[in-house]
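Novice: Residue numbers (my numbering), protein chains in the order written: chain A, 3 to 111; chain B, 29 to 376.
Source of the hints: derived by calculation from the structure; they are not laboratory data. Heads up, some of the hints might be wrong.
[Said to hold, decoys possible] Below 27 Å or equal to it, Euclidean Cα-Cα: the simulated BS3-like pairs (lysine-lysine) are:
(1) K46/B / K104/B
(2) K105/B / K42/B
(3) K104/B / K297/B
(4) K86/A / K375/B
(5) K42/B / K239/B
(6) K9/A / K46/B
(7) K105/B / K86/A
(8) K146/B / K104/B
(9) K290/B / K104/B
[To be verified] For the chain B half of the interface with chain A, some residues (derived, Cβ under 7 Å), not all of them:
(10) S60
(11) L62
(12) R63
(13) T71
(14) L203
(15) R207
(16) Q318
(17) G336
Keep in mind the model is a prediction, meaning the values are calculated, not measured. C-beta: ideal position from N, C-alpha, C; glycine also.
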Amino acid sequence: MIPSDLKYTEEHEWIRLEGDKAIVGITQHAIDELGDIVFVDLPEVGRQIGQMDEFGSVESVKTISSLYLPLTGEIIEVNTDLQKNPMALNESPYDDGSADEYKSYLETL
Amino acid sequence: MNLQSTPLLSSHQKLNAKLVDFSGYNLPVWYSSLREEHLAVRTHSGMFDVSHMGAIRLTGGLVEDLLSTVTCSSLKKACRSIMTYSMILNESGGVMDDIMMGKVDSNEWLMIVNASNKAKILQWLRRHSPSGVTADFIDTYAMLAVQGPQAITHVEPLVPEASTLSRFEIKAIELNGTRGYIMRTGYTGEDGVELIIPGAQAPVLFEALIKKGVVPCGLASRDSLRIEAGLPLYGHELSEDISPLDTRYRWVIDWNGHFIGKSALVEFKNSRSNRHTIGIRVATKQIPRQGSIVEDLGVVTSGSLPPGYDEAIAMAIVTGPVEVGQPITVQIRGNRISGTVVEVPFKS
């Protein structure tokens, strides 16, 4: 299921806008292309990142894919669980089953 | 360039395989996931469409003269229908390809070559062939590798010869009145067989094996399985800039033989501080990939994180003496990661 309340980029990131915050993740399509995820490299909290700048990477056994931020902002939170369990992305790239936790990170606009 | 398809393409599509361009062939990279497919081969059985590999049929009275000139190994076992791993070298001792070869019957030999080297090797064999020797691809065939501890059990009801083969043995088979081959070989570190069968019969056999519980596997798990087993891949652990002396397969060299590249090998052996291929393990799940630097020692040739591993593994080609347990530092995409030299095959 592709959630309809999200916005999507051509680089296969998704964005959920929540006031002056946004949650960003990668799509099921991106996961299908990568296969089994082994490592997720996410930015530090507090980092300022410009629109379409590379902010991290997702690595599968097959390949490494850079992540590009669809908007300008400051990182306010990252999903640190992904560093321990990167395969969680394969199971559910849009959320981890609970309503308010997402597999990506938050930033202020 | 148009992608070539194997006789099993429609079978792969029916299974919703994810297809990629591999050496010009449209082949599955996985069907379900690398993890499931890798573990299927390690715990019961999996199968791979390897029809992109080149199978060269050699005939003529002087085939053995050709093979003892162009390969660096003894033909003693190959003459007894035991598929023999060897390398074809250029005049400078560099590896042109790594191959399997064996005598099928009194007038026929088979050589399996890498997809990426097909044209080069066929041309090389023909160039060095004594008169009367023919070398041709058997290209209307499919090649299927069935691998894992239960591979033989599953193949045997469909191809009875499977259970009669000794390790590495090759036999000609008849499948619905057409000729094929079966050999007890593979590229995963597990027991199993590789079948060369007429393309038209391949989908039926493939689907019958699935019904028996053999898991179709893609190229991604083929790579993680061969890396875990420490097996070399041409273009990674082997190239024309690498000699057999630099590999974990020095034993392929028959120093009593008279083959192309031997004088260069003799010279290397006596003069050059030889390189070695080693196994390393790093303290991260980030995979060292081909080209990653092993500080002060050399360079990574292949890396992976097979299922069940908390730390990535890699093979590297290094200069100078290196011991198992020795600490190393690998540069992985800008990070300096500590690691250790480990035994190959790798263990999780």
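Novice: Now tell me if each hint is right for this structure.
Specialist: Results for each hint:
1. K46/B / K104/B: 42 Å, violated
2. K105/B / K42/B: 41 Å, violated
3. K104/B / K297/B: 24 Å, holds
4. K86/A / K375/B: 21 Å, holds
5. K42/B / K239/B: 14 Å, holds
6. K9/A / K46/B: 26 Å, holds
7. K105/B / K86/A: 50 Å, violated
8. K146/B / K104/B: Given that 27 Å is the threshold and the Cα spacing comes to 25 Å, the pair holds.
9. K290/B / K104/B: 18 Å, holds
10. S60: 10 Å, violated
11. L62: Given a least distance of 5 Å, the restraint on L62/B holds.
12. R63: Check passed: Cβ of R63/B comes within 5 Å of chain A, closer than 7 Å.
13. T71: Violated, because the Cβ-Cβ distance from T71/B to chain A comes to roughly 17 Å (cut-off 7 Å).
14. L203: 34 Å, violated
15. R207: This hint is violated: R207/B lies away from chain A, its Cβ roughly 37 Å from the closest one there, beyond 7 Å.
16. Q318: Because about 12 Å separates Q318/B from the closest Cβ in chain A, which is outside the 7 Å limit, the hint is violated.
17. G336: It is violated, given that the least Cβ distance between G336/B and chain A is near 12 Å, above 7 Å.
Comparing the model with each earlier hint shows violations of hints 1, 2, 7, 10, 13, 14, 15, 16, 17; every other hint is respected.
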